[in-house]
Structure formats: structure tokens, C-alpha cells
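**Q** Chain by chain, the residues:
2 protein chains.
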Amino acid sequence: MEKTNKRIVIALGGNALQRKGEASAESQQKIADETARQLAPLVMDGYRIVIVHGNGPQVGNIVIHEEAINTDDVPSLPLDSCVAMSQGSIGYWLQQALTDELRKKELDNTVVTLITQMLVDKNDMAFKNPSKPIGPFYVTKEKAMIQSATRGFVVKEDAGRGWRRVVPSPKPIEIIEKDAIKVLINSGAVVIAAGGGGVPVFMTKDEGLHGIEAVIDKDFSAAVLADLIDANKLIILTSVDAAMLNYGKPNQQMIGKIDRSKMQSYIADAQFSSGSMLPKVQAALQFVNKPGRTAVIASLEKAAEAVDGNIGTIIHF
Amino acid sequence: MEKTNKRIVIALGGNALQRKGEASAESQQKIADETARQLAPLVMDGYRIVIVHGNGPQVGNIVIHEEAINTDDVPSLPLDSCVAMSQGSIGYWLQQALTDELRKKELDNTVVTLITQMLVDKNDMAFKNPSKPIGPFYVTKEKAMIQSATRGFVVKEDAGRGWRRVVPSPKPIEIIEKDAIKVLINSGAVVIAAGGGGVPVFMTKDEGLHGIEAVIDKDFSAAVLADLIDANKLIILTSVDAAMLNYGKPNQQMIGKIDRSKMQSYIADAQFSSGSMLPKVQAALQFVNKPGRTAVIASLEKAAEAVDGNIGTIIHF
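From first to last, the protein sequence lines stand for chains U and A. For any residue, its number in my numbering is found by taking its place in the first sequence, counting from 1, and adding 1479. For any residue, its number in my numbering is found by taking its place in the second sequence, counting from 1, and adding 1479.
Hints in this document: simulated from the structure, not taken from any laboratory. Some hints here could point you the wrong way.
Quick list of the computed label-pair ranges, beta carbon to beta carbon [unchecked claim]:
{"id": "1", "chain 1": "A", "residue 1": "T1629", "chain 2": "U", "residue 2": "F1796", "range": "24 to 32 angstroms"}
{"id": "2", "chain 1": "A", "residue 1": "M1523", "chain 2": "U", "residue 2": "R1498", "range": "14 to 22 angstroms"}
{"id": "3", "chain 1": "A", "residue 1": "D1787", "chain 2": "U", "residue 2": "D1524", "range": "23 to 31 angstroms"}
{"id": "4", "chain 1": "U", "residue 1": "N1768", "chain 2": "A", "residue 2": "M1523", "range": "32 to 40 angstroms"}
{"id": "5", "chain 1": "U", "residue 1": "K1741", "chain 2": "A", "residue 2": "D1600", "range": "39 to 47 angstroms"}
{"id": "6", "chain 1": "U", "residue 1": "M1604", "chain 2": "A", "residue 2": "G1500", "range": "33 to 41 angstroms"}
{"id": "7", "chain 1": "U", "residue 1": "G1667", "chain 2": "A", "residue 2": "K1499", "range": "43 to 51 angstroms"}
{"id": "8", "chain 1": "U", "residue 1": "K1622", "chain 2": "A", "residue 2": "E1621", "range": "27 to 35 angstroms"}
{"id": "9", "chain 1": "U", "residue 1": "E1653", "chain 2": "A", "residue 2": "A1749", "range": "50 to 58 angstroms"}
{"id": "10", "chain 1": "A", "residue 1": "M1624", "chain 2": "U", "residue 2": "T1550", "range": "54 to 62 angstroms"}
{"id": "11", "chain 1": "U", "residue 1": "K1684", "chain 2": "A", "residue 2": "G1727", "range": "17 to 25 angstroms"}
{"id": "12", "chain 1": "U", "residue 1": "K1622", "chain 2": "A", "residue 2": "K1622", "range": "44 to 52 angstroms"}
{"id": "13", "chain 1": "U", "residue 1": "D1748", "chain 2": "A", "residue 2": "K1601", "range": "28 to 36 angstroms"}
Derived pair list, reagent style DSS-like, types lysine-lysine, alpha-carbon separation capped at 25 angstroms [unchecked claim]:
{"id": "14", "chain 1": "A", "residue 1": "K1584", "chain 2": "U", "residue 2": "K1584"}
{"id": "15", "chain 1": "A", "residue 1": "K1485", "chain 2": "U", "residue 2": "K1661"}
{"id": "16", "chain 1": "U", "residue 1": "K1509", "chain 2": "U", "residue 2": "K1584"}
{"id": "17", "chain 1": "U", "residue 1": "K1485", "chain 2": "A", "residue 2": "K1661"}
{"id": "18", "chain 1": "A", "residue 1": "K1611", "chain 2": "U", "residue 2": "K1661"}
{"id": "19", "chain 1": "A", "residue 1": "K1583", "chain 2": "U", "residue 2": "K1661"}
{"id": "20", "chain 1": "A", "residue 1": "K1769", "chain 2": "U", "residue 2": "K1583"}
{"id": "21", "chain 1": "U", "residue 1": "K1584", "chain 2": "A", "residue 2": "K1635"}
{"id": "22", "chain 1": "A", "residue 1": "K1657", "chain 2": "U", "residue 2": "K1661"}
{"id": "23", "chain 1": "A", "residue 1": "K1622", "chain 2": "U", "residue 2": "K1684"}
{"id": "24", "chain 1": "A", "residue 1": "K1657", "chain 2": "U", "residue 2": "K1657"}
{"id": "25", "chain 1": "A", "residue 1": "K1622", "chain 2": "U", "residue 2": "K1657"}
{"id": "26", "chain 1": "U", "residue 1": "K1769", "chain 2": "U", "residue 2": "K1584"}
{"id": "27", "chain 1": "U", "residue 1": "K1657", "chain 2": "A", "residue 2": "K1684"}
{"id": "28", "chain 1": "A", "residue 1": "K1583", "chain 2": "U", "residue 2": "K1509"}
{"id": "29", "chain 1": "U", "residue 1": "K1601", "chain 2": "A", "residue 2": "K1583"}
{"id": "30", "chain 1": "U", "residue 1": "K1661", "chain 2": "A", "residue 2": "K1684"}
{"id": "31", "chain 1": "A", "residue 1": "K1485", "chain 2": "U", "residue 2": "K1583"}
{"id": "32", "chain 1": "U", "residue 1": "K1684", "chain 2": "A", "residue 2": "K1583"}
{"id": "33", "chain 1": "A", "residue 1": "K1661", "chain 2": "U", "residue 2": "K1657"}
{"id": "34", "chain 1": "U", "residue 1": "K1583", "chain 2": "A", "residue 2": "K1622"}
{"id": "35", "chain 1": "U", "residue 1": "K1509", "chain 2": "A", "residue 2": "K1661"}
{"id": "36", "chain 1": "A", "residue 1": "K1661", "chain 2": "U", "residue 2": "K1584"}
{"id": "37", "chain 1": "A", "residue 1": "K1611", "chain 2": "A", "residue 2": "K1622"}
{"id": "38", "chain 1": "A", "residue 1": "K1509", "chain 2": "U", "residue 2": "K1601"}
{"id": "39", "chain 1": "A", "residue 1": "K1584", "chain 2": "U", "residue 2": "K1684"}
{"id": "40", "chain 1": "U", "residue 1": "K1583", "chain 2": "A", "residue 2": "K1611"}
Where is the CB? At the ideal position from N, CA and C, for every residue including glycine.
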């Protein structure tokens, strides 16, 4: 197979960056090193790679830090700015790790992170139903209500652990910096873009772009990006080996090679849980909307095999 | 004059981003809008622009937030990661503002921020003499000494206002992501790079790149970047109209057009104060090391005139 110039978008889940109890920069950079060792062979094989990473735990910690002090001189920054900050820190860790790994293999591809704005629709239904918990827990309802009254936060009780702000998770539509991604990928650079799903922005005719306090599912953003660069493959790397039929039941079964319509029928059968596997499958199907496109859902530890199409759930048109 | 394809590096000082008492994202984005209105005409005129911004007040506030909570689950991130975060937030504000301003002029250039690592020399003398105060004030010497003992911070008393961490400010040597900057600028994109002077990294033969807790003078980084892309002009925008002779004295006099060797003689005469104008003049001279190169030191409000060479201190070879 001629791999050169084949374009691949890789969506990296949280486990590619931060494991439980390992939130320090040092720990996250060590995990980034492991991730880089998984991905570097793909660059060596001639694939052109764009990486879209999640940012759940990282932006969560940024928000907790920001909320810890909120004065005129040292104000808390809003969530859109925090997402941009997380693109900075995570992108830095990943690009440093991958640059090092490529240099060890005597490859000189530049690895670079682009701060990326993602257009969303202000009329997206998600804005009517904020659902993603973010930031610190408020121990009492009263404290939560103060945040609600003074900051306009929507707060909800979180499974008995206290109260917490919830934000909308709208669908990504378009990448504002799309031309830069295309130019760089065509030049042979490894691009890290749309981190955390991208900084959510909407557009008005008169005033242009505005950030909005929301978070975007990074797998859907990876699907948008893969479509944008007309990638050959979208690889969604996560903590499990594949999508499963009858997950958690005695007759649980891994889904291997499958076509689009069959996978859609599994969604109709409610085979995938809405909080975890369902959005990955939906993002995969969103990308695989024409012949020649493949989406793979596989575990991070097997990135290279996933790209070669021998492992995980492999969805064809 | 044929302006098309002329390459300009613009170094934006702190006043281009944050004014005293206006630290909120909303305020900083409004100032970014003003800055964008200054810079958009240059793009319209066909100049290819790379923007290097400072990050002093912004990374200061990020560090204060990070230091406010430091637990296993929510650890403080080190300064190199904080610089990357500031590249994310400031870059996002600037690229959004400039994208909007260009679209109003019906220009479709992509504006994009690159997370940028800047190589420094681990043997730079600056590491022996940390001098840049950063982060929160420690009210008592005892509190400062605890940070010193537990975190390895170098702390100094800051003009009677309490104790504070100081970090080194090494000279920038090389931009790790240089190829991406070149590719993008050649494509017509407006590039924001080396924000805050870049994330300081050093390199070891065996292990590759390592972040280091330091801050880099953004004017020197802009000079490195301008040399890298063989820019025609380096424009250092600041809060004053020009470099001055006999600054603050009755015979104070603006320096207009001047050649490199004359400007060097003024440095030898100690005409410029080490904390403010001297590094700008030194950065300008570092760039103007061959015929055809010009560096301008001017006020942000007159960016367009500064580029046209009619205002500010204009240093030729």
C-alpha cells in the first residue's frame, strides 16, 4: 500500500494525556511521551497526521484554578478563554513529545499546535439544555445559587457530590482556521488542532466572531476536521479496544469490520451508551459519508495497527 | 512602493493587550479589537505579517491562579506550561479580533496562533541570576522561604511590597516550529507566534526538548523570528512614540532615522534604561545586521505609519 500523502485524523481521548491522580505537568508530559511513541511510526510510514485531543480533565483544572481567585486585578477568565489555554498547554506537551520522538527517528517534520476556533450554531438545541459539568463543586445549594445569580451560571446537583456548573455542548460546524490546517498538512507538518473540540464561537453578521462558554465533543470536531481535509481515515483512540455489542452483558461481542448502515442499525438498537461510546460511533459515521472513507475506534495502545486497519471497530461506507 | 510579499514582524507590547485595571477577558478582547484595527490596513496593503506579543500581565495572572490551588488532583502547573497557556488565550483573542477586522475589509487571510517553543541555552548567564519577578507576592519572608524550600523557587524582596519569585530571562536562540511559520507566512496567512517570547526550552542530546521555568523578552524573540523569515522590517510597537536621547531631561530629544552604528554609540553612552528601552534597541540592532533591513520603534497607535517608515525611531543598517 502506498501510504505517502494519505491523510489521517487522530482523535486522542483523555487517557492519552492524563490518567487519574496524574494531573501534574510532569505526569502529563510522561504520558504524552508514551502517546508520541505510538504515533511517531505513522509519520515514519509517510502518513500525514492531524491530531485532535480532548481536554476534559485539563480544562476542568484550569477552571478550578481560575475560579479560585476572581478580583478586578486577577479576574477569572471565561470558559472559551480557558479552552484556548488548554489548547496551549496540552498542545505544547504533545508537540514537544512528538517532536522529540520524530527526531529520534531522524524525521524532521515540524509538529505544531494551532489555536483553533470552532464555529457553532447559537440556535443549537444544546444551549437550551446545558449538560456538561465543569469546574469546582459548590458544597451547598446556597453557594451554587450565588454563582448562578452573580455570574449567570447554570448549576445542577451532581450525583450527591455537591452542586456544579453545567455548560452546553453544541455540535461543531466549521473550523475558522481551516486554511492554515490545510497548508500545514500539505507541507508535511504534523498538526495538532481543534484541541478540546476547539474554542466554541458563533458568528453574527455585524460583529463577527464571539466566543461562547461551552465545550465541544472532540470526536465530532475530529470528524469535521477529517471531512475538511478529505482524510482517508478518522481514527478515534480511546481506552477500550473497540465498540461492543451487548456491552457489559454475558453475550458482549466486539464489533470488527462493519459497514455504515449496519452500524447505524446498532445505534437504532440502542447498543451504545450515550455518555461514552455513542458519540464516538456517531462521529465516526458522520465522517464515513462517502466511499473510500474509513473510521476506526480502537485503543490508544494499538494506534499503528488501528491505522493499518487490522484492529478495533472499522467502519466503511 | 511594491508592498506585496514584503514580510514584517510586529512585536506588540503589553499595552496592545491589557491596560492597568482591565484584566478581564472582555476588556482584553476590546483592546485586541483596537489593535486589530491598527494592523488590518497593513494586511490590506499586501504586507505579510507575523505578530509576536508580550504576555507579562497575562502570564502573571495565570501563575497567580495556578498558585492559588496546589493539590495532587489540582496541581499548579510550572511556568513553561503557563507561558503556553498564555499563548493560547492571548493568541485566541488576537486572532479572533484580527479575523473579524479582515473580514470587514473583505480579506480572507487566515489568522492563526502557533504554540511556539523557543530554544534557549542552559548555560545562559541569566540562569545564574534570575531577575524577573513573577506570580503572587508573599507577605512575609517566612512564607517566601517555604516556597523556596519546597518548590525550589528563587525569591527576592520586591521594593517593599513583599517577597516574590524571580525567574531567569535567557536570550532566545531558535524557534523549534520555524518551518510551520515559514509555510504559513508564504501562504498568505497572518501568523501569531512566539507569544510571550515563546515557551523556553533547552535541548539535550539524549532526551531532546525540555521546558524550563523562565521568561523570554518578546522583542528579542521577535528579532530572532524576523531574521528567520528574512523580514524586511521589524516593528516594535510600544507605549511611547520613539526612543529618546536624554530621556526625562530638559534636553530630551526623539531619535528619528538613524543608522546602526550611531544607535550603538548611544547604547555605549548609556542613553537607554535597561528595564525598558534598552532591550528594545538591542533587539532592533540584533535584527538590523545586514543591508535592506529596517527596525522601527514606535507607538501602537501609529502602527501603519511606522511600517511606512515615516514615524518613530527608524534604524537602518
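**Q** State for each hint whether it applies.
**A** Structure-based check of all given hints:
1. Checked against the hint of 24 to 32 angstroms, the pair T1629 (chain A) and F1796 (chain U) fails, with Cβ atoms roughly 57 angstroms apart.
2. For M1523 (chain A) and R1498 (chain U), the hinted distance range of 14 to 22 angstroms is not satisfied, since their beta carbons lie about 49 angstroms from each other.
3. The beta-carbon spacing between D1787 (chain A) and D1524 (chain U), approximately 50 angstroms, falls outside the hinted interval of 23 to 31 angstroms.
4. Distance hint check: the CB atoms of N1768 (chain U) and M1523 (chain A) are about 38 angstroms apart, consistent with the given range 32 to 40 angstroms.
5. The hinted window of 39 to 47 angstroms between K1741 (chain U) and D1600 (chain A) is violated, with their beta carbons roughly 59 angstroms apart.
6. For the hinted restraint 33 to 41 angstroms between M1604 (chain U) and G1500 (chain A), the CB-CB distance of approximately 39 angstroms keeps it satisfied.
7. At about 45 angstroms, the beta-carbon gap between G1667 (chain U) and K1499 (chain A) stays in the expected band of 43 to 51 angstroms.
8. Here the CB-CB span from K1622 (chain U) to E1621 (chain A) is close to 32 angstroms, well matched to the stated 27 to 35 angstroms.
9. Restraint check, E1653 (chain U) to A1749 (chain A): a C-beta distance of roughly 55 angstroms satisfies the suggested window 50 to 58 angstroms.
10. Range check, M1624 (chain A) to T1550 (chain U): Cβ separation about 26 angstroms, and the 54 to 62 angstroms hint is violated.
11. Against the hinted window of 17 to 25 angstroms, the Cβ-Cβ separation of K1684 (chain U) and G1727 (chain A) comes to about 49 angstroms, which falls outside the hint.
12. In this structure the supplied range 44 to 52 angstroms is violated for K1622 (chain U) paired with K1622 (chain A), their Cβ-Cβ distance being about 28 angstroms.
13. At about 59 angstroms, the beta-carbon gap between D1748 (chain U) and K1601 (chain A) misses the expected band of 28 to 36 angstroms.
14. Under the criterion of a C-alpha separation no larger than 25 angstroms, the hint pairing K1584 (chain A) with K1584 (chain U) is inconsistent with the structure, at around 46 angstroms.
15. At most 25 angstroms may separate the alpha-carbon atoms for a hinted pair to count; K1485 (chain A) and K1661 (chain U) meet this at roughly 23 angstroms.
16. Between K1509 (chain U) and K1584 (chain U), the direct Cα distance comes to roughly 19 angstroms. Compliance with the 25 angstroms bound is thereby established for this hinted pair.
17. The suggested pairing of K1485 (chain U) with K1661 (chain A) holds, with an alpha-carbon distance near 23 angstroms, which does not exceed 25 angstroms.
18. A threshold of 25 angstroms between alpha carbons decides the hint, and for K1611 (chain A) with K1661 (chain U) the separation of about 39 angstroms lies outside it, so the pair is violated.
19. Between the alpha carbons of K1583 (chain A) and K1661 (chain U) the distance comes to roughly 24 angstroms, so the proposed pair stays at or under 25 angstroms and holds.
20. A C-alpha spacing of about 36 angstroms is found between K1769 (chain A) and K1583 (chain U), which places the hinted pair above 25 angstroms, so the restraint is violated.
21. The straight-line distance between the Cα atoms of K1584 (chain U) and K1635 (chain A) is roughly 44 angstroms, outside the 25 angstroms bound, and the hint therefore fails.
22. Note on K1657 (chain A) and K1661 (chain U): the hinted pairing holds, with a Cα-Cα distance of about 17 angstroms set against a maximum of 25 angstroms.
23. For the suggested pair K1622 (chain A) and K1684 (chain U), the alpha carbons sit about 53 angstroms apart, so the restraint of at most 25 angstroms is broken.
24. Among the hinted pairs, K1657 (chain A) with K1657 (chain U) is consistent with the structure: their alpha-carbon atoms are about 20 angstroms apart, no more than 25 angstroms.
25. The hinted pair formed by K1622 (chain A) and K1657 (chain U) fails the criterion: a straight-line CA distance of about 48 angstroms is larger than 25 angstroms.
26. Taking the CA atoms of K1769 (chain U) and K1584 (chain U), the gap is about 35 angstroms. The hint is violated against a cut of 25 angstroms.
27. Restraint check for K1657 (chain U) and K1684 (chain A): not satisfied, since their Cα atoms lie roughly 36 angstroms apart, outside the 25 angstroms limit.
28. With a CA separation close to 44 angstroms, the supplied pair K1583 (chain A) and K1509 (chain U) exceeds the 25 angstroms bound.
29. In summary, the hint linking K1601 (chain U) to K1583 (chain A) is supported, as the alpha carbons are separated by about 21 angstroms, within the 25 angstroms threshold.
30. For the suggested pair K1661 (chain U) and K1684 (chain A), the alpha carbons sit about 32 angstroms apart, so the restraint of at most 25 angstroms is broken.
31. Taking the CA atoms of K1485 (chain A) and K1583 (chain U), the gap is about 36 angstroms. The hint is violated against a cut of 25 angstroms.
32. Of the supplied pair hints, the one linking K1684 (chain U) and K1583 (chain A) holds, its CA atoms being roughly 10 angstroms apart against a limit of 25 angstroms.
33. This hinted pair checks out: K1661 (chain A) and K1657 (chain U) have alpha carbons roughly 17 angstroms apart, not beyond 25 angstroms.
34. Restraint check for K1583 (chain U) and K1622 (chain A): the C-alpha separation of about 43 angstroms exceeds 25 angstroms, so the hint is violated.
35. Between K1509 (chain U) and K1661 (chain A), the direct Cα distance comes to roughly 30 angstroms. Violation of the 25 angstroms bound is thereby established for this hinted pair.
36. The hinted pair formed by K1661 (chain A) and K1584 (chain U) meets the criterion: a straight-line CA distance of about 23 angstroms does not exceed 25 angstroms.
37. A threshold of 25 angstroms between alpha carbons decides the hint, and for K1611 (chain A) with K1622 (chain A) the separation of about 19 angstroms falls inside it, so the pair holds.
38. A threshold of 25 angstroms between alpha carbons decides the hint, and for K1509 (chain A) with K1601 (chain U) the separation of about 22 angstroms falls inside it, so the pair holds.
39. For the hint linking K1584 (chain A) to K1684 (chain U), the alpha-carbon distance of about 13 angstroms falls within 25 angstroms, and the restraint holds.
40. As the CA atoms of K1583 (chain U) and K1611 (chain A) are separated by approximately 34 angstroms, the hinted pair breaks the 25 angstroms bound.
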